[in-house]
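**Student:** Protein chains in written order, with my numbering: chain A, 36 to 197; chain B, 110 to 214.
Everything labelled a hint here was simulated from the structure, so no lab data went into it. Honestly, I wouldn't trust all of these hints.
With a Cα cut of at most 20 angstroms, we get these calculated DMTMM-like pairs of lysine to aspartate or glutamate [as the list claims (entries may be wrong)]:
hint, chain 1, residue 1, chain 2, residue 2
1, B, 195, A, 150
2, B, 180, B, 168
3, A, 100, A, 60
4, B, 195, A, 45
5, B, 180, A, 134
6, A, 93, A, 170
7, B, 169, A, 135
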Amino acid sequence: MNGDNVPTDDTIEKVSIIVSKGSLEGIYPALIMANGARAEGIEANLFFTFFGLDAIHKARHEHIKLATVGNPGLHLATWAGGLPGMSSVMTQYMSRKMDDLDIPPIPEFIEMIADTGAGLYACQASVDLFGLTRDDFIDQVKDIITVGEFYRMAAGGQIIFT
Amino acid sequence: MPSKVYAGIEVAVDSEGFFTDPEQWREEMAPQIAAESGIDPVTERHWQVVKFMRHEYAEKGTGPSVRALSKTSGVTIKELYQLFPKGPAKLAAKIAGIPKPRGCI
Numbered sequence: 036m037n038g039d040n041v042p043t044d045d046t047i048e049k050v051s052i053i054v055s056k057g058s059l060e061g062i063y064p065a066l067i068m069a070n071g072a073r074a075e076g077i078e079a080n081l082f083f084t085f086f087g088l089d090a091i092h093k094a095r096h097e098h099i100k101l102a103t104v105g106n107p108g109l110h111l112a113t114w115a116g117g118l119p120g121m122s123s124v125m126t127q128y129m130s131r132k133m134d135d136l137d138i139p140p141i142p143e144f145i146e147m148i149a150d151t152g153a154g155l156y157a158c159q160a161s162v163d164l165f166g167l168t169r170d171d172f173i174d175q176v177k178d179i180i181t182v183g184e185f186y187r188m189a190a191g192g193q194i195i196f197t
Numbered sequence: 110m111p112s113k114v115y116a117g118i119e120v121a122v123d124s125e126g127f128f129t130d131p132e133q134w135r136e137e138m139a140p141q142i143a144a145e146s147g148i149d150p151v152t153e154r155h156w157q158v159v160k161f162m163r164h165e166y167a168e169k170g171t172g173p174s175v176r177a178l179s180k181t182s183g184v185t186i187k188e189l190y191q192l193f194p195k196g197p198a199k200l201a202a203k204i205a206g207i208p209k210p211r212g213c214i
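Isolated chain B, as found in the complex:
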């Protein structure tokens, strides 16, 4: 199992870099994970989505797809793709330290 060091702490990740144990995630790790995915700086809007991803994961045990994310967070699909050009649900999940959402839609 691969691992990464964020904010000075070693965490377990899968082959694509997603946290396998969301409990290991700390807020101060987010900017570094985001920068690795080409997102720098992390704005208030990014944070809103990232926190929403963690909230959804805590409630449902899985991160939402892009459509569900837009529907429930109130952030439009267009803005989500502006914030996370390389895939909103995927990148926000990575930055939020939760496993990759597996929906097809």
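Only chain A is shown next, with the shape it has when bound in the complex:
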């Protein structure tokens, strides 16, 4: 694919990406899509909900782990995935491979995405559910918003749920 088949008169102008998972493989795709959208000049907002909040949580976003249990894509026996330390080892292995490809670690990636002008928002219901406050989140988070406010912000664009 070289992009030559892409019709130029039919473009996406805005995306709103919902991040609902707190695992490494749950968070990265959303970040790559948000960053890629901005690189194409597409407006992008990220809405972090449920365990996805870990991605913008000051104390937790440096410790995001790959899920090694219930993840058939890893091709590990289920019992092996549950061994102590397995998630850390696999996370380290994956992080090294990503580093080789110049994919930044999650905290750096999120900061970079904020710098591109994308908006980062936390979900009010999840913040209440987990007993969090504004201070638990990194400074780049613009606001804690309700689902209604999210929909208003997303109006006229595409919504991507991850």
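Since the structure of chain A is provided, determine the placement of chain B on it from the hints.
**Tutor:** Below, chain B alone, put in the same frame as chain A:
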């Protein structure tokens, strides 16, 4: 193959308007390409990035992604997006007359 006329010279471009032959590019074409992408005027800072894109292309055969562009040029991501709101690597490559960078990051 589509073509465009910049600075009075016909050049070959792809469907998105990127030069298919960077050898056809001349500095005096840059302001016109930039204006088509909504960048007017082309400032000294824009030029710095555009020249850097050409330099990287000449060295590596491909333009850098936004992150690599920021890391190696020393221009912050924030400023890159201020200079080129519709995508720094993409627009700077277009103005610099090189093919569109294909990185995902």
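**Student:** Give a verdict on every hint.
**Tutor:** For each hint, the structure was consulted:
In summary, the hint linking residue 195/B to residue 150/A is supported, as the alpha carbons are separated by about 14 angstroms, within the 20 angstroms threshold. At roughly 16 angstroms between alpha-carbon atoms, residue 180/B and residue 168/B fall within 20 angstroms of each other, so this suggested pair holds. For the proposed pair residue 100/A and residue 60/A, the alpha carbon gap of about 8 angstroms is at most 20 angstroms, so the pair holds. About 16 angstroms separates the Cα atoms of residue 195/B and residue 45/A, which keeps this hinted pair within 20 angstroms; it holds.
Restraint check: the Cα-Cα separation between residue 180/B and residue 134/A comes to about 14 angstroms, which is no more than 20 angstroms; the hinted pair holds. Of the supplied pair hints, the one linking residue 93/A and residue 170/A holds, its CA atoms being roughly 8 angstroms apart against a limit of 20 angstroms. Taking the CA atoms of residue 169/B and residue 135/A, the gap is about 17 angstroms. The hint holds against a cut of 20 angstroms.
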